[in-house]
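As you go down the protein sequences, you meet chains R and W in turn. The first sequence begins at 1 in the numbering used here and counts up by one. The second sequence begins at 1 in the numbering used here and counts up by one.
For the record, the hints were derived by calculation from the structure and aren't laboratory data. Every value quoted in this text rests on a predicted model; they were computed, and no experiment measured them. Any given hint might turn out to be false.
In this list, chains with the same sequence are indistinguishable; a pair is considered to hold if it fits within one copy or across any two.
[To be verified] Pairs of lysine to any residue, SDA-like flavour, derived with a Cα cap of 25 Å:
| id | residue 1 | residue 2 |
| --- | --- | --- |
| 1 | Lys-135 | Glu-54 |
| 2 | Lys-94 | Met-1 |
| 3 | Lys-114 | Arg-76 |
| 4 | Lys-135 | Glu-151 |
| 5 | Lys-135 | Gly-202 |
| 6 | Lys-174 | Pro-57 |
| 7 | Lys-45 | Gly-34 |
| 8 | Lys-200 | Gln-56 |
| 9 | Lys-135 | Met-178 |
| 10 | Lys-114 | Leu-89 |
| 11 | Lys-200 | Thr-64 |
| 12 | Lys-135 | Gly-207 |
| 13 | Lys-94 | Arg-186 |
| 14 | Lys-45 | Leu-162 |
| 15 | Lys-94 | Ala-106 |
| 16 | Lys-45 | Pro-130 |
| 17 | Lys-114 | Glu-95 |
| 18 | Lys-114 | Val-74 |
| 19 | Lys-114 | Ala-124 |
| 20 | Lys-114 | Ala-166 |
| 21 | Lys-45 | Ala-191 |
| 22 | Lys-114 | Gln-98 |
| 23 | Lys-114 | Lys-174 |
| 24 | Lys-135 | Met-91 |
| 25 | Lys-114 | Gln-173 |
| 26 | Lys-114 | Glu-99 |
| 27 | Lys-45 | Pro-167 |
| 28 | Lys-154 | Gly-34 |
Number of protein chains: 2
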Amino acid sequence: MPTSTVENYLKAILVRSSDEVGVVSTGALAEALGVTPGTITTMVKSMAARGLLEHQPREGVRLTPEGRAHALAVVRKHRLVETFLVQVLQMDWKEVHQEAEALEHAISDRVLLKIDAILGHPAADPHGDPIPSRKSPVLGRGKGVTLASCEPQKQLRVERILDQSAPFLEFIQKSGLMPGARVRVRERDRASGVVRCDLKEGETTLGLPEAAKIEVKVS
Amino acid sequence: MPTSTVENYLKAILVRSSDEVGVVSTGALAEALGVTPGTITTMVKSMAARGLLEHQPREGVRLTPEGRAHALAVVRKHRLVETFLVQVLQMDWKEVHQEAEALEHAISDRVLLKIDAILGHPAADPHGDPIPSRKSPVLGRGKGVTLASCEPQKQLRVERILDQSAPFLEFIQKSGLMPGARVRVRERDRASGVVRCDLKEGETTLGLPEAAKIEVKVS
DNA sequence: ATTTTGTCTTTGACGACTCAAAGAGTTTAT
DNA sequence: ATAAACTCTTTGAGTCGTCAAAGACAAAAT
Ligand SMILES: [Mn+2]
Ligand SMILES: [Mn+2]
Ligand SMILES: [Mn+2]
Ligand SMILES: [Mn+2]
Numbered sequence: 001m002p003t004s005t006v007e008n009y010l011k012a013i014l015v016r017s018s019d020e021v022g023v024v025s026t027g028a029l030a031e032a033l034g035v036t037p038g039t040i041t042t043m044v045k046s047m048a049a050r051g052l053l054e055h056q057p058r059e060g061v062r063l064t065p066e067g068r069a070h071a072l073a074v075v076r077k078h079r080l081v082e083t084f085l086v087q088v089l090q091m092d093w094k095e096v097h098q099e100a101e102a103l104e105h106a107i108s109d110r111v112l113l114k115i116d117a118i119l120g121h122p123a124a125d126p127h128g129d130p131i132p133s134r135k136s137p138v139l140g141r142g143k144g145v146t147l148a149s150c151e152p153q154k155q156l157r158v159e160r161i162l163d164q165s166a167p168f169l170e171f172i173q174k175s176g177l178m179p180g181a182r183v184r185v186r187e188r189d190r191a192s193g194v195v196r197c198d199l200k201e202g203e204t205t206l207g208l209p210e211a212a213k214i215e216v217k218v219s
Numbered sequence: 001m002p003t004s005t006v007e008n009y010l011k012a013i014l015v016r017s018s019d020e021v022g023v024v025s026t027g028a029l030a031e032a033l034g035v036t037p038g039t040i041t042t043m044v045k046s047m048a049a050r051g052l053l054e055h056q057p058r059e060g061v062r063l064t065p066e067g068r069a070h071a072l073a074v075v076r077k078h079r080l081v082e083t084f085l086v087q088v089l090q091m092d093w094k095e096v097h098q099e100a101e102a103l104e105h106a107i108s109d110r111v112l113l114k115i116d117a118i119l120g121h122p123a124a125d126p127h128g129d130p131i132p133s134r135k136s137p138v139l140g141r142g143k144g145v146t147l148a149s150c151e152p153q154k155q156l157r158v159e160r161i162l163d164q165s166a167p168f169l170e171f172i173q174k175s176g177l178m179p180g181a182r183v184r185v186r187e188r189d190r191a192s193g194v195v196r197c198d199l200k201e202g203e204t205t206l207g208l209p210e211a212a213k214i215e216v217k218v219s
């Protein structure tokens with residue numbers, strides 16, 4: 001059984017290996033996990049010895065099928081727990097990511113089955129992130145259009161928030177841009193870097209990089 | 001923040017310091033925690049240095065007020081989680097102790113508040129163990145009568161099961177002796193060491209040491 | 001072609017937790 | 001009173017996860 005440290009490493013690698021080859025640099029991991037590069041090299045060697053990943057020195061790291069399977073299981077736990085905390089325990093949307101960060105390592109598969117059943121096998125978590133199913137080794141990653149890239153004036157629906165940081169989620173909540181909300185881009189001004197949107201409850205304005213973190217779908 | 005290892009040590013000490021002075025021997029802890037005596041001595045020294053307990057070498061260990069408060073908080077978490085797993089997630093009575101053993105270290109106070117509220121601030125867990133409240137530093141310990149010590153022929157109610165081991169819980173469940181059940185001791189034979197009880201659903205027979213693990217109340 | 005810069009790895013060290021085995025103290029039996 | 005038995009502590013060592021600092025490599029600049 002991997003420790004929770006190893007599980008966090010696996011998750012960080014999975015979520016960053018979006019490109020075709022699936023290689024992640026040790027530097028990116030150091031950044032993501034908040035440890036020094038030397039620590040990453042050490043851990044990565046021990047994880048490679050355990051068969052969880054392959055390490056090309058000075059190149060990067062790639063999950064083995066076993067490592068990938070375990071990483072997906074952890075992501076599944078994380079997202080089901082988040083959904084449970086919001087829907088059953090009525091917790092605040094902005095808090096659940098942090099809580100799930102710990103619970104994902106403590107919840108057994110038995111408990112997870114119960115949670116999944118009570119929730120009715122949801123497909124996405126409260127941030128719109130897809131919940132990997134037990135059988136499909138998929139992890140959809142921000143391929144859709146965003147408020148920064150969509151056509152203006154169309155009726156849209158918020159699909160997914162691509163930034164879990166508390167201040168950003170706070171803003172999303174305040175302005176009513178949570179997943180499921182209907183929204184329309186009134187204008188997008190490249191020069192000033194500003195996007196203006198209409199919502200049911202009034203309007204809201206945000207910067208282009210922020211708009212790019214809100215995935216939408218034509219509806 | 002104590003690690004989960006330290007939390008388990010605190011809990012083990014609390015639950016074994018039932019006597020007036022509240023002293024627990026390092027040997028008893030080694031036994032309870034499944035580590036060697038030398039490990040206990042080492043850990044106990046570091047916990048004493050952190051102010052969680054006092055250590056009289058070759059005598060034993062006693063929690064400080066701070067250590068005691070933290071231990072009670074962990075026990076509270078454990079028992080509320082057990083209750084939640086049974087009542088909300090409908091998990092099997094015999095499994096929840098094991099699950100709670102991990103979750104008690106991963107659940108935040110915020111989540112605990114929600115759980116406590118949803119359950120309606122219960123006073124006892126599924127085994128009948130009292131749930132310490134946030135304010136009362138109490139931990140009632142098997143002071144009542146048991147099936148081995150009560151008067152025969154009286155109408156009783158099962159209050160508490162004093163053994164969390166899976167096989168024993170399995171037997172309790174099978175024979176219908178779970179907390180809340182009505183029961184009457186038909187006969188107790190010191191010579192053969194056997195207790196015979198009548199329940200709503202038939203009768204059951206058990207040994208004296210086992211009967212002593214079932215706390216009851218006249219009803 | 002060198003040098004510089006940026007990234008990655010190695011090395012030595014540490015804290016937390018654990019064990020096995022040897023040592024010290026205490027209690028009980030002879 | 002001495003020995004035996006029991007319990008507890010010490011010592012030396014190992015694993016895991018981490019850091020700081022020094023070293024190696026590769027890409028980019030000159
Ligand atoms: Mn985590
Ligand atoms: Mn999420
Ligand atoms: Mn525990
Ligand atoms: Mn219990």
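**Study point:** Structure versus earlier hints, numbers of those that do not hold, lowest first
**Key:** 4, 5, 6, 8, 9, 11, 12, 13, 14, 16, 21, 27 and 28
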